[in-house]
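Protein chains in written order, with full-length UniProt numbering: chain A, 1 to 703; chain B, 1 to 71.
It is possible that part of the hints are untrue.
Derived Cβ-Cβ restraints for the label pairs, each shown as a range [stated by the list, open to error]: (1) A:G311 <-> B:P8: 52 to 60 Å; (2) B:V36 <-> A:L307: 34 to 42 Å; (3) B:S11 <-> A:N231: 32 to 40 Å; (4) A:S254 <-> B:V15: 20 to 28 Å; (5) A:K499 <-> B:P8: 35 to 43 Å; (6) B:P8 <-> A:W300: 52 to 60 Å; (7) B:V15 <-> A:Y248: 20 to 28 Å; (8) B:G46 <-> A:W300: 52 to 60 Å; (9) B:E71 <-> A:A274: 44 to 52 Å; (10) A:Y248 <-> B:G46: 36 to 44 Å; (11) B:V36 <-> A:Y248: 18 to 26 Å; (12) A:D259 <-> B:G46: 47 to 55 Å.
Keeping only pairs whose Cα atoms sit at most 30 Å apart, straight-line, the calculated DSS-like set for lysine-lysine is [unchecked claim]: (13) A:K411 <-> B:K2; (14) A:K41 <-> B:K62; (15) A:K411 <-> A:K518; (16) A:K6 <-> B:K2; (17) A:K128 <-> A:K499; (18) A:K41 <-> A:K518.
In short, the hints are calculated from the structure, not lab data.
By construction, the Cβ of each residue, glycine as well, lies at the ideal position given by its N, Cα and C atoms.
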Amino acid sequence: MTSTIKIALVGNPNTGKSTLFNILTGLNQKIGNFPGITVDKKLGYCKLPGGRQAEIIDLPGTYSLYPKSRDERIAFQVLADSTNPSYPDLVVVIADATNLRRNLLLYTQVADLGLPVLLALNMTDMAKKEGIDINVDKLSERLGVQVVPISARSNQGIDKLKAAIVNTTMATQLPGADMDHLAPGALQHTRELLQTDHTYLCLQVLHQHEHLGRYTELEHEALEEIKRINNFDVSKLQAAETIARYRYLSSVLSGVVVDTGAKRKFAFSDKIDAVLTNRFWGFIIFFLILFFIFNAIFSWSTFPMDLIEGGFGWLTEYGHEHLPEGLLTDLFLDGILAGLGGIVIFIPQIAILFAFISILEDTGYMARVTFMMDKIMRKFGLSGKSVVPMIGSLACAVPSIMSARNIENWKDRIITIMVSPLVSCSARLPVYTLLISLIIPEKMLFGFINLQGLTLMGMYLISIIAAILVAWVMKIIIKAKEKSYFIMELPVYRMPRWKNVIFTMYEKSRTFVFEAGKVIIAISIVLWVLATYGPPERFAAIDRKYEQIEAQKIETEIATLERDRSAEKLENSYAGILGHVLEPMIKPLGFDWKIGIALVTSFAAREAFVGTMATIYSVEGGEEGTTIRNKMLAARNPDTGLPVFTFATGFSLMLFYAFAMQCMSTVAVVFRETKTWKWPIIQIIYMTALAYVASLIAYQLLK
Amino acid sequence: MKLSQLTPGQSGTIVEFTDLEMSVKLIEMGCLPGEVVEVERIAPLGDPIAIRVAGYQLCLRKTEASVIIIE
Chain A
1 MTSTIKIALV GNPNTGKSTL FNILTGLNQK IGNFPGITVD KKLGYCKLPG
51 GRQAEIIDLP GTYSLYPKSR DERIAFQVLA DSTNPSYPDL VVVIADATNL
101 RRNLLLYTQV ADLGLPVLLA LNMTDMAKKE GIDINVDKLS ERLGVQVVPI
151 SARSNQGIDK LKAAIVNTTM ATQLPGADMD HLAPGALQHT RELLQTDHTY
201 LCLQVLHQHE HLGRYTELEH EALEEIKRIN NFDVSKLQAA ETIARYRYLS
251 SVLSGVVVDT GAKRKFAFSD KIDAVLTNRF WGFIIFFLIL FFIFNAIFSW
301 STFPMDLIEG GFGWLTEYGH EHLPEGLLTD LFLDGILAGL GGIVIFIPQI
351 AILFAFISIL EDTGYMARVT FMMDKIMRKF GLSGKSVVPM IGSLACAVPS
401 IMSARNIENW KDRIITIMVS PLVSCSARLP VYTLLISLII PEKMLFGFIN
451 LQGLTLMGMY LISIIAAILV AWVMKIIIKA KEKSYFIMEL PVYRMPRWKN
501 VIFTMYEKSR TFVFEAGKVI IAISIVLWVL ATYGPPERFA AIDRKYEQIE
551 AQKIETEIAT LERDRSAEKL ENSYAGILGH VLEPMIKPLG FDWKIGIALV
601 TSFAAREAFV GTMATIYSVE GGEEGTTIRN KMLAARNPDT GLPVFTFATG
651 FSLMLFYAFA MQCMSTVAVV FRETKTWKWP IIQIIYMTAL AYVASLIAYQ
701 LLK
Chain B
1 MKLSQLTPGQ SGTIVEFTDL EMSVKLIEMG CLPGEVVEVE RIAPLGDPIA
51 IRVAGYQLCL RKTEASVIII E
């Protein structure tokens, strides 16, 4: 045996599995990928007594080895396949002591696979409080494995658990319920085919062999043949197996678990539920909580975001002053550093949203939200759990899409991810406010309703309605590979574990920076190149022209000249040329080539609109009388002499920004979360199409 | 009688299931024949429902509850 023990951590959802994982491994974790599925592979390392090292893999929480979702399938794929690179030397099954029988179902399956198992009995302190008394020694004797009572929440029993890991052997493990009688013929054939005497492994292989990569095409066919000959009825056998296991567990647990307080256990949770899921108060409280979260994401993040923006701005300026002038410096400062700034700026919002989500999950409230909202959301192809990502998208789609991971059902999750970026995020706010100030008069309606504010609210409403409608359309188009179930545990209310909250904030921010970050940096560099470079002969001509003018002018005018020069360079850069190329296409929407350039640069991030407009109309911020707004207001169409920013153009442009996918961070995060380019590409196409059509209709009707 | 027909506070004993595929998931979650279930509450909009079974609270949609036959 190698000196590193590979350990798999398995257990039901809500058993404190992640808490235990965090305690055992601390910050010594890394997140990798399982091939082909969206769930992260969480690996961590921990020191064991006797100087040995353990590599711990945290498998997704599941109630049994038969998966309800494709992400749960990974537990089976790792545990039932000794050729899997993650196949463990031993398994730690973590069980909730307050509901032992249901938790042990998974234990019996894992133990029957023939893996050395250790049972960690979590929440034993909680169980005692609720009047559940568990005779640990008796349980250990009856199962033939070590049973270690722990409390992951209060950090108890962890040393004992580590010691027990070192001592775990297969030798004493007792066989569980008889599985051979379920399908004797088929199992006999399978044992011969696979040349093994592990009956339960054979049964699992018969059920789910198509998900195991280790078998050849021929072996898969042979297994199917065995199923056919022996009339292997998948659902019936699975039901029979589960019932047999529960019967076995009832006899194992008789005399082991003494429950004297079954009634007491739920009294507290019931009282809270009576209010929080109340017909009337339930929704009001929920919306108040949402409002608070949304508000917090906006207001608490302002300060750190300003700090980050200021910091990067200072760094860029300082760099330009002190580094030798040249291409490399420009690339580093305006390409890479700008891209880095664009990533780091999201960290405050990600951290804040996930702090709240983690609190809502931990306390058990999230399960109630799902319970209350399921009926409405289901009508539009979403799930009760889609509510939080959708609302979170009002601040920023990036953390929200990451939070959609809580949705177990694949189709519900994909639809949530696909429509979240339609909801107007905070990055659209500067675009909206600038355009609204151009096209909507600052008037009061009925003396108290601000017309500009009303328009802004209207934009948000339009975006939410669009998201819901698109979800509804996708519900019809996307084929579900698995049936949607809503059989879900409602955990009892608990205090949040603050350590977990901090951990989640750290982990999600880190994942975003490292995973989405790569793509963002790459696109930033491309955009920088597009906006900085143009055909050399054109650039040379511009340089010559300005040098000549400069020679004739006095000092004070050179500053404005520099601005004109960079504006002209932008016009002749590849991005500018792209803007000209786009012009015929976007003309029906009321946009000219200048707006075209803004559309190109906004592909990185919508906020770039304002900055690009500032460069194109060559204004420096802060100077009185030359604000972007005034310059844009004064802008005329050279052909007609009419203002560029009419009501029709402005409104059409706002709609375009509302619907188009102009955020590479979102593209990157959708790629990361779906692990394929298919979904981000579909998303870019449908959103661009939607934006184009909406703007076209709006402009043609209004002009 | 179906589980979905009970009102909050009422309880019954599971007898059988009318949908095999759904029954597998329900059995796994502890809804075994012979087990007593009690309807705890109904979501504000009338669907899903929350039931108490095998010592914990489970919620499920009415369509799912309707495959559980109780007495």
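Hint by hint, here is what the structure shows:
no.	hint	verdict
1	A:G311 <-> B:P8: 52 to 60 Å	holds, 56 Å
2	B:V36 <-> A:L307: 34 to 42 Å	violated, 58 Å
3	B:S11 <-> A:N231: 32 to 40 Å	holds, 37 Å
4	A:S254 <-> B:V15: 20 to 28 Å	holds, 24 Å
5	A:K499 <-> B:P8: 35 to 43 Å	holds, 37 Å
6	B:P8 <-> A:W300: 52 to 60 Å	violated, 40 Å
7	B:V15 <-> A:Y248: 20 to 28 Å	holds, 22 Å
8	B:G46 <-> A:W300: 52 to 60 Å	violated, 37 Å
9	B:E71 <-> A:A274: 44 to 52 Å	violated, 28 Å
10	A:Y248 <-> B:G46: 36 to 44 Å	holds, 39 Å
11	B:V36 <-> A:Y248: 18 to 26 Å	holds, 21 Å
12	A:D259 <-> B:G46: 47 to 55 Å	violated, 33 Å
13	A:K411 <-> B:K2	holds, 29 Å
14	A:K41 <-> B:K62	violated, 35 Å
15	A:K411 <-> A:K518	holds, 27 Å
16	A:K6 <-> B:K2	violated, 47 Å
17	A:K128 <-> A:K499	holds, 24 Å
18	A:K41 <-> A:K518	holds, 19 Å
The structure fails to meet hints 2, 6, 8, 9, 12, 14 and 16 from the earlier list, while all remaining hints are met.
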